[in-house]
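Position chain B against the provided structure of chain A, taking the given hints into account.
Line order of the protein sequences matches chains A and B. Just so you know, we're using our numbering here: the first sequence kicks off at 746 and counts up by one. Just so you know, we're using our numbering here: the second sequence kicks off at 8 and counts up by one.
Think of the hints as simulated: they come from the structure by calculation, not from any bench. Treat the hints with care, as some may be off.
Lysine-lysine pairs mimicking DSS-like chemistry, simulated, CA-CA at most 30 Å apart [what the hints assert, rightly or not]:
1) A:Lys1054 - A:Lys928
2) A:Lys1054 - A:Lys1039
3) A:Lys928 - B:Lys291
4) A:Lys1039 - B:Lys100
5) A:Lys928 - A:Lys1039
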Amino acid sequence: MNNQRYMLAAGLIVLALIGPFVVYPVFLMTALCFALFACAFNLLLGYAGLMSFGHAMFFGMGGYFFGYVVKTAGLPPEVGLLAGVAGAALLGLATGALAIRRQGIYFAMITLAFAQMVYFICVQAPFTGGEDGLQGIPRRALLGGLIPIENDRALYYVVLAIFLFGFAAINRFIHSPFGQVLKAIRDNEQRALSLGYEADRYKLLAFVLSASLAGLAGATKAMVLQFATLTDVSAGMSGEVVLMALVGGLGTVLGPVLGAFVIVAMQNYLASFGEFVLVIQGAIFVVIVMAFRKGLVGEIGDWWRARQKAG
Amino acid sequence: MLDIFSIPLPALFGQLLLGLINGAFYAMLSLGLAVIFGMLNVINFTHGAQYMLGAFAAWLMLTNLSIPFWVSLVLAPLVVGLFGVVIERLLLKRIYHLDHLYGFLLTFGLALVIEGLFQWKWGSSGAPYPAPIPGGYNLGFMFMPAYRGFVVVAALVICLATWYGIERTRLGAYLRAATENPTLVRAFGINVPRLITLTYGLGVALAALAGVLAAPIQQVSALMGTNLVLVVFAVVVIGGMGSIMGSIVTGFGLGLIEGFTKVIYPPASNTVIFVVMALVLMVKPAGLFGQTK
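Only chain A is shown next, with the shape it has when bound in the complex:
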C-alpha cells in the first residue's frame, strides 16, 4: 500500500514538472491556484467539520491585497503575496470569531452573509477599482530580479512551489496533534470539551489557517492573471470552491486538487456556452449530492480497495 502511494506521488510530481511543456502554462497555473483554494476550504470542512460558504471573501481579498500592494503601492510581488496572506488571515480572524459561535448549517449561512457583506464593500471601496477591478497588475521579477516571472514557464514553477508549500502545510496540520484534536472536535464536540480542549480556539485557528491559505491562493492567482475582480469575491466563487471539493471528494487529501482541475478544465472547454455553464455546474451539484457523495477520489479509492480485496 505504501509503495503504491509513493509511486502515485512520484508520478504526480513528474506530471507537474513536465506539465508546462505539454499543456498551456496559464491554464495549469490557474488550476493550481484553485487547487490550493479548494484544499484550504477542504481543511476546514473535512477536518474541522465546518462548511464555509463564504470562502470567496478570502480568495478575492487575497487578490485585491496583492494587486493593491504591487500595482498601486509599487512594491515587489513577494510583499504582495505576504499582504494577501496577512489580509486574509485578519479577515478570517474577524469573521471566524463570530461565525464559530453557531454550528452546522447556521455556520454556512453566516459565512455566506459575511462574504456578501465583503462583496458589497468591494463594489464601493475605492481601492478595489469597483466594477472594473484592478487591471494590469505588473509582473515584476521575484527575489530582487533572481526569478524572472515575466516568462510563463518560469512563473509556473513558482506557482507550483507555492501550491506545494500550501499543500504540505495542510498535510502537516492534519497530521499534527492540532489536527487530531480538530478531528476529535468534529466527531464529538461535547466529548472534546469534557477532555479539556477549548473547542472554539481550535476551530478559530483552523478557520484562520484556512482563510490565510485561501488568501495565498487568491494572491497567487492575481499574480498569474494580472487582475483582481469582483468575480473572485462573489457568492458564485464561494459555491465554485465547494463544488471543486465536492467533485473531488470531501475530506480526502487529493480530492480537492483533482476537483479543481476538473472544474477549471470544464469552464475552459465550456466557455462558449455562456450562462449554460451555471446550469451544468448546478446539475453536477445535484447529481453528486444524490448519487456520488464521496466524489471522484472517494469512489476511485473504494473501487481500488474492492479490487485489491478480490485479487
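For chain B alone, kept in the frame of chain A given last:
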C-alpha cells in the same frame, strides 16, 4: 418645516416606505425558510429562485395568456408550489437522513440550474410588469403609490395568516408536533411524509407569492432572487428560526433599519443587515427569537 437630522421629511418617509416593502419580502421569505427548515431540516437555497419563478410565472401568464394580476396572484404560487412538491418527492425526500449540509448543497445546485436556465432563455435584463393598482394618495407628509401600500398590507395579512395557520389550527398543530418528534406523530397514525411534502409545497408557494407581489415593483429577471436569498439568510440568522412571529418582526424591522440607513448614510445601506447580524452574533448567538438547541 419639521426636519430630523436636517433630512426633509418626505425623503425620510419615502425611504422608510421602501424599507417597509423590502421588509415585507424579508418577512415572507424568512417565514417560508423557517417553516421548511423546521420540518425538513433543509435550508432551502432554492428559495430565491422560487421567488423568481413566482414573478416569472405571473409575467408569462400576463404576456402570453393575458391572465390578469389578481388571478395569477393565486395561480402562480399554485403552479410553483406544485413544482416544489415535485422537487421534494424526486430529490429532497432521499437526503433527509444525511447531514444538513447536503440539503443546502442540493438546493444550491437546483437554484443554479433554475436561474441559469431562465437567464439563458430570457437574458439578465429585466422585463417590466405594469402596476395592477395605478395612482396613489397624497398623505400630506409624503406621496404613497397605491400598489406599494397594498403590498405592505397584503404581506402583513399573509404573514399573520401563516402564523395563524401554524399556531392556531389543527393542521398547524400536527406540523409543530411533527417538527418536535416525527416518530411519535407517525405512531399516532398521521402521514408525516405527506405532511413534509405539503410543508415544502406551502413554503415554496409562499416564496412564489412574494415573487408575484414583487413583480410590479421590481423588474422581472432571472437573477432577482439571487442576492435577496443571501440577505434573507442573514435575516434568519438574526431572528433565529425558533418562532414564526419572530421571523415576521425581524423581517419588517430589518427592512425599516435598511430604509433608515439609506437616509442617514446611503453607502452602508447594502451592508447594514450584515452588520446587525455580526452584532447579534456577539450578543445573542442563537438569534433574537431563537432557542439554543
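Hint check:
no., hint, verdict
1, A:Lys1054 - A:Lys928, "holds, 28 Å"
2, A:Lys1054 - A:Lys1039, "holds, 20 Å"
3, A:Lys928 - B:Lys291, "holds, 27 Å"
4, A:Lys1039 - B:Lys100, "holds, 20 Å"
5, A:Lys928 - A:Lys1039, "holds, 18 Å"
The structure agrees with every numbered hint stated previously.
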